[in-house]
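Starting from the structure of chain A, add chain B where the hints point.
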Amino acid sequence: MEAMYESVWLYGPRTEAISEILSVVATHCRPDWDGEGAEAISQLAADRAIAFIRALPRGVPVPEIAPEHDGSISLDWIDSRSRVLSISIGVSDRLAVAWLDGTNQGHAVERFDGERIPPLILERIRETMGNASVRVS
Amino acid sequence: MRLAHPPIVEMVVDIDCDLPADLEIADLEQRARELYSDRYPGFRRILHPLPGFGDIREATYAFQFLEEGPGLVQLRRDGFSFNRFPPYTDLDEYLPEIRRAWQIFVDLVAPVAIRRIGLRYINHILVPSGLRIADLNEYLHLGSGLPDDMTLKFNEYLAIEDVTGNEVRVRMVIDAQERPDQPPPVILDIAGSRRHSADPQVWENIETTILGLRRMANAVFQSSLTEQCLTLFR
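So the protein sequences, as listed, match chains A and B.
Going by the working numbering, the residue at position 61 of the first sequence is 61; the numbering climbs one at a time, nothing skipped.
Going by the working numbering, the residue at position 185 of the second sequence is 1185; the numbering climbs one at a time, nothing skipped.
Pulled out of the complex, with its shape left as it was, chain B reads as follows:
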């Protein structure tokens, strides 16, 4: 099913890796900026708190390379990410660029092995409804057992597909209201992942995993929304 106006506000492909033990990500900054600058001219350094921190080199967690358009690539201390924002079209359109950006990462970092591949879709859904479960049920399948008069803030579950071993964690969050007189938006966060050891050099295997995660994420998305809700995005 293809939606004309998908509520996706971010798609993230994560590839978590074991990196060489002696690798210091801060040492890669200059070279990485050169390699990514053709398509990603923007740059941000992301630091992460460490006990006794006082050195930027030690605290460097990631570099973010920003497109002029709606996307960025992250070179992380523990892997690689490709983030895409609206306007979102289709994962198939982005796969060649994901592969190219990944190959730069591989050439630069020489990861030892892949530990986990993730595909995450964050959806921002504006339901024309109130907060009560009874109302939200017209748009979202929230699961059984929730009392109708309950005020929902957060709903989460984890599922594992038997055949593939793929995991999917689904979070539904009632977001903060920007205006009290308007219904709050719902964040539907679908994060699929596969934990296994894989060869970083074999892109075909990575792509197969990503496509398998997409199939699962799409199924979860469709089963999370009612027909009435899906019509909002057609």
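Excised from the complex, chain A in its bound form:
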């Protein structure tokens, strides 16, 4: 195995984010995990979320991880209550992107090929987290 896990300086934040994704899957892999009819988080959604984390360029902040009611995994970059970027990753190659930046807000759908982060998303991450003190990949 490539020594991804041994160097914390090079890979630590990404390794932690991947661990969080796996932990979310393990604890939400059965239907109705929220008692309100949620769909199970699938292995395929986890694989796509992990690929996304691995594709983040070094120096780009890593997100917080959360399960979603529809079985997707939410990757959230939160600078403050009014500066947030959220990407929803499910079983398809389409990413639902939503952001809030002060009084501006927006949403989009981007495709992720499993290797290269769409430029618009990278730009949004940098804009959202520009001033934040965060763990970087």
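Calculated directly from the structure, the hints in this document are not laboratory data.
Bear in mind that the values here come from a model prediction, so they are computed numbers and not experimental data.
It cannot be assumed that every hint is accurate.
As the list claims (entries may be wrong) - Each pair of labels, with its calculated beta carbon distance range:
#, chain 1, residue 1, chain 2, residue 2, range
1, A, A51, B, I1160, 33 to 39 Å
2, B, A1026, A, R54, 48 to 54 Å
3, B, H1196, A, P119, 44 to 50 Å
4, B, E1161, A, A66, 46 to 52 Å
Claimed, not checked - Here are some of the chain B residues that sit facing chain A, going by a computed Cβ distance under 10 Å:
#, residue
5, E1029
6, P1051
7, R1057
8, G1079
9, F1085
In this text, a Cβ means the ideal position worked out from N, Cα and C, and glycines have one as well.
Structure of chain B alone, referenced to chain A:
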């Protein structure tokens, strides 16, 4: 040669082992936390993707025990790691603690044999220069055969020392620019290792190997940088 301001951002000692076949690392969490907590109060569980994964126990790859200071110990499914971050002083200062943390690992896990010992230095070098090979050559020995007008992103080689059999893999990476108006930092990643079967109980042999790897890593470091670059860290 001792540098006053070494550009080391991480030193890692890795000892890869064959562990008992019936060992389940997840079962060791509580005991390991007790044993390491005196010096390493922080804790992280590292999971690793597995086909058909759905069980944290099965996916547990490592436990990380974090110092309040700049260091941590990793109990991995395939071995032991000791990571040290700046301020970095000298490996000799850390060897007693590496030995102590290793002995806890040995008592806890009872490894069958050591397969590989590694010593890795990751250096972050801020060269006051541009990206072109012609400019970088003032600070780094990049090897012959690279055209001067080439834009470098990555350079890597593997060397094996004839006498000891020690390997060293050297990676030089031009890191992502945090600000477009500044020159990008260079990551010089020197990873020495020795693959051989060794007795986990005999620390003296392990230490001898680590010191041999340090000698090699130091030589590679010095030969990778120009005198002009070395003066940045004196």
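Evaluation of the provided hints:
For the hinted restraint 33 to 39 Å between A51(A) and I1160(B), the CB-CB distance of approximately 34 Å keeps it satisfied. At about 24 Å, the beta-carbon gap between A1026(B) and R54(A) misses the expected band of 48 to 54 Å. With their beta carbons about 47 Å apart, H1196(B) and P119(A) fall inside the hinted range of 44 to 50 Å. Distance hint for E1161(B) and A66(A): a CB-CB separation of about 49 Å, consistent with the stated range 46 to 52 Å.
The interface hint given for E1029(B) is violated, since its Cβ lies 14 Å from the closest Cβ of chain A, which is over the 10 Å cut-off. Satisfaction of the interface hint for P1051(B) is found here, the shortest Cβ-Cβ separation to chain A being roughly 9 Å, below the 10 Å cut-off. Residue-level restraint check for R1057(B) holds (minimum Cβ-Cβ distance to chain A is 9 Å; threshold 10 Å). Hint status for G1079(B): holds, given a least beta-carbon distance of 9 Å to chain A, under 10 Å.
Below 10 Å, beta-carbon pairs count as interface contacts, and F1085(B) has one with chain A at about 7 Å; its hint therefore holds.
Consistency note: the structure conflicts with the earlier hints numbered 2 and 5.
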